[in-house]
Amino acid sequence: MIDKELLEILVCPKCKAPVKEENEKLICQNPTCGLRYPIRDGIPVMLIDEAESPQGK
Numbered sequence: 001m002i003d004k005e006l007l008e009i010l011v012c013p014k015c016k017a018p019v020k021e022e023n024e025k026l027i028c029q030n031p032t033c034g035l036r037y038p039i040r041d042g043i044p045v046m047l048i049d050e051a052e053s054p055q056g057k
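The opening position of the sequence shown corresponds to residue 1 in the numbering used here, with each subsequent residue numbered one higher.
Please note: incorrect hints may appear among the correct ones.
Pairs of lysine-lysine, DSS-like flavour, derived with a Cα cap of 30 Å [what the hints assert, rightly or not]: (1) Lys-25 x Lys-14; (2) Lys-4 x Lys-14; (3) Lys-20 x Lys-4; (4) Lys-4 x Lys-16; (5) Lys-25 x Lys-4.
Treat the hints as calculated values from the structure; they're not laboratory data.
All values reported here derive from a predicted model rather than from experimental measurement.
Assemble the whole structure, with the sequences as input and the hints as a guide.
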């Protein structure tokens, strides 16, 4: 689980929208972006190349 204070300042590196934590991933809250960034060993991997696209896109 990501620290609440850290989660408040993290944004999607692609579109700069806020992210939320869900199922060991940080998910971009911008509906047109929606990238999913993995969390590995408690550390968010905020690299566009490591992100998963939302389903259906």
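Outcome of the hint check:
no. : hint            : verdict
1   : Lys-25 x Lys-14 : holds (16 Å)
2   : Lys-4 x Lys-14  : holds (21 Å)
3   : Lys-20 x Lys-4  : holds (10 Å)
4   : Lys-4 x Lys-16  : holds (18 Å)
5   : Lys-25 x Lys-4  : holds (14 Å)
Checked against the numbered hints above, the structure breaks none of them.
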